[in-house]
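Trainee: Each chain, written out:
Protein chains: 2
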Amino acid sequence: IEREDAALIYERLADWHSADMADLIEQLKPKLRLPFLQIMGERVDPDVYSDLDENVREHLVDDMEPAEIAAFLNELELDDAVDVLESFEEDEQREVLKEIPADERVVLQEGLSYGEDSAGRLMQRNLIAVPEYWDIGQTIDYMRDTDDLPDEFYEIFVVDPRHHPIGTLSLNRAMRSKRQVLVRDIMDTEQKLIPVDMDQEEVAYLFQQYRLASAAVVNEDGALIGVITVDDIVDVISEEAEEDILRLGGVSEDDLFGSVMSTTRARFLWLFVNLLTAIAASVAIGLFDATMEAIIALAVLMPIVASMGGNAGTQTLTVAVRALATKELTAGNMLRILSKETMVAFLNGSIFAVLIGIVAWLWFSSLNIGLIIALAMIVNIIVAAVAGMIVPVTLDRMKIDPAIASSVFVTTVTDIVGFVAFLGLATIVLL
Amino acid sequence: IEREDAALIYERLADWHSADMADLIEQLKPKLRLPFLQIMGERVDPDVYSDLDENVREHLVDDMEPAEIAAFLNELELDDAVDVLESFEEDEQREVLKEIPADERVVLQEGLSYGEDSAGRLMQRNLIAVPEYWDIGQTIDYMRDTDDLPDEFYEIFVVDPRHHPIGTLSLNRAMRSKRQVLVRDIMDTEQKLIPVDMDQEEVAYLFQQYRLASAAVVNEDGALIGVITVDDIVDVISEEAEEDILRLGGVSEDDLFGSVMSTTRARFLWLFVNLLTAIAASVAIGLFDATMEAIIALAVLMPIVASMGGNAGTQTLTVAVRALATKELTAGNMLRILSKETMVAFLNGSIFAVLIGIVAWLWFSSLNIGLIIALAMIVNIIVAAVAGMIVPVTLDRMKIDPAIASSVFVTTVTDIVGFVAFLGLATIVLL
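Protein sequences, first through last, are from chains A and B.
209 is the number that the numbering used here gives to position 209 of the first sequence; each next residue is one higher, with no gaps.
Counting from 1 along the second sequence, just add 1000 to a position and that's the residue number in the numbering used here.
Read the hints as simulated data drawn from the structure, not as lab findings.
Fair warning: there could be bad hints in the mix.
What the hints assert, rightly or not - Derived pair list, reagent style SDA-like, types lysine to any residue, alpha-carbon separation capped at 20 angstroms:
hint	chain 1	residue 1	chain 2	residue 2
1	B	K1098	B	D1147
2	B	K1178	A	Y142
3	B	K1031	A	T330
4	A	K192	B	A1019
5	A	K98	A	Q138
Said to hold, decoys possible - Where chain A lies over chain B, by a calculated footprint (3+ residues, C-beta under 8 angstroms):
hint	segment
6	1083-1097
7	1224-1238
8	1282-1292
9	1331-1338
Keep in mind that this is a model prediction, so the values were computed, not measured.
All C-beta atoms in this analysis are idealised placements derived from N, C-alpha and C, irrespective of residue type, glycine included.
Go ahead and model the full structure; you've got the sequences and the hints to work with.
Mentor: Next comes the structure, spelled out in structure tokens:
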């Protein structure tokens, strides 16, 4: 579509924001993406590349020369550059790094050395640190004389002679003080320090819990080595929430822009596990084939019991998974909340038992079938609530992300309990 | 537990952060919460109340006098105070407002007048606005002379004589400039303005997309009336993601700390809808009761087809719901992604068709049953992918949140198609 009017496109998109440009590129057909970038040429803000979806970026950069890539990386902020670099294979990484000036290369390599989701990856190394005995005038003069300052920052860090952070000074407080005021006298000594290897989920939790705008990152010796600002955290929070949503839905990672093959592979595992559990449920049903053959109504009704249990279990487990992620569900209130969930399940279970009991009774003109399905329903909804609570809590204690595996376990339990309770009761009562 | 050692508790918790204190209160048994607060007395930071879960807060404040509540509200930041106030019934609200000084009352009432999830609710009214013809020296002197400044801010707003925003000046740039530099010459004129009635989800999208630290809020006339900072957005992003997660799980809102009755009521609707769809699926099964009576193996195997379809559909719909929320899925790439999902479904469907076909063949020693379940499986997984894509997109176009209702529709489709395809094929082939 967008082949001809190169000049026109060039003109119209010239001052788009990088994030909008990245979105536009994602919307283009894969084949048109590189030609588009070639048309835009020099005018493409390097930030566009860090705003692109990882899948799309990998595709694009595949066709570039290492020197071209190196030039782009040079202009990105450190954390973005490390992200881009990391998406490459190891040998590509080495080739690109070769093209980068030695001092920048060291910084990039150090960035790569931190764990993928650690604080070290999120931080900027550019920051302003001053000794506590300076006054505001010296601080301001120092800032005026330093060229290599970060684009955006909200705090000045105060450090001792060993470069350990001892306080922070917000820009607004600094600006409102006279030049001769000492940093020591107006700095804020309460600060949360972030170890460089802290997991980003933990970092985001600290920022949210204490409403931080920025925080100092320290190495093992407690020395100040970087700063994390809240705008990096915004991305982490969406990422982590997204991860939970996708995992609860049985998708391993965001694969909207992934290729058919990689998406197929990513979703296969989950479906395979589900196949095994579905077969397990069928085996349970198979135990009662004689009962079903005698009374075919049971085969017609049995999915209702399993399905209601599955849904009730999913409700409880969704609340539990979120509450674990936000640290609202702890060992301290676990029992209280479990007993509340059980009460809720008992109430809703009773209501739905009556409803489905009446429907089944009228449908098959059998009071017995109505009573049996009602009883099985209550049992299964209560079991669902207990499993919906215990499974994620147990996985969490075992350091497994409850969002990944909880729903397989819980629906397996509710399927099997649902079928066995219903068909088993029927076998005892009706045969 | 924590009744006796009032003095000890008092001592140990005296300098906890408000957010930690709020968490502690949430962990306490409901009956102990008020006594605990009475022990802590004056030392309770009013911020604790805005950090509390809404359900817990409502309970607590129920037992307070309007004058007490008013005193707390007075010390909260505006957006927090409005949140607290809003959780009351209307007549309580009026009583509390009566106790508040007139000028603050007007501001609170105005806050309440903005829609619940609008930009007006997020914004702070406290901000610094200067005319463009001032120089940095004047700006700094003005800041030093003004007492009623916000605790934290990152930007100074530049306005024209009608108080319309025309640019922003970051604190760090202001600090690094000499006193005689004019604001006009260093201000940044590219800024995103936020209309006061913009939905908070939209506001959060702007902040994320353009990596904003703060943004000006304007009224219908375009005049500057407030500022939203990124730390407020952090909460919005978690809230919105949380909402999606809970809705996908069939829970209307976070009810971890809700009472048994309110939780039961909130979950009832979803389960009721599910009951109706489960009955619809059973009616579909009932059409084939003669077939099942003849070959009971069909009743044993049929949940597998439905369950695999349900899971494949959930995978696609999860990706689609997220992509709609993050605006990655648009009219422009909808068809391309739909055809990709169909391909993925065809591939995975074929693999699982072979697997389950062999299992069923061996289990019931019937090649025909194996072939039938294999065919039904492919059909259902492909239908699942198409429904998993079309249902959320359609709901989104109809301005219904796809996270709420998609999974009911999709699993209903996959249940019914699964049962009908499997039992229908069997009826044609085997009878």
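Trainee: Next, verify each hint and record whether it holds.
Mentor: Okay, the hints, checked on the actual structure:
| no. | hint | in the structure |
| --- | --- | --- |
| 1 | B:K1098 <-> B:D1147 | 27 angstroms, violated |
| 2 | B:K1178 <-> A:Y142 | 13 angstroms, holds |
| 3 | B:K1031 <-> A:T330 | 18 angstroms, holds |
| 4 | A:K192 <-> B:A1019 | 14 angstroms, holds |
| 5 | A:K98 <-> A:Q138 | 40 angstroms, violated |
| 6 | 1083-1097 | violated (count 0) |
| 7 | 1224-1238 | holds (count 7) |
| 8 | 1282-1292 | holds (count 5) |
| 9 | 1331-1338 | holds (count 4) |
This entry does not satisfy hints 1, 5 and 6, going by the numbered hints stated previously.
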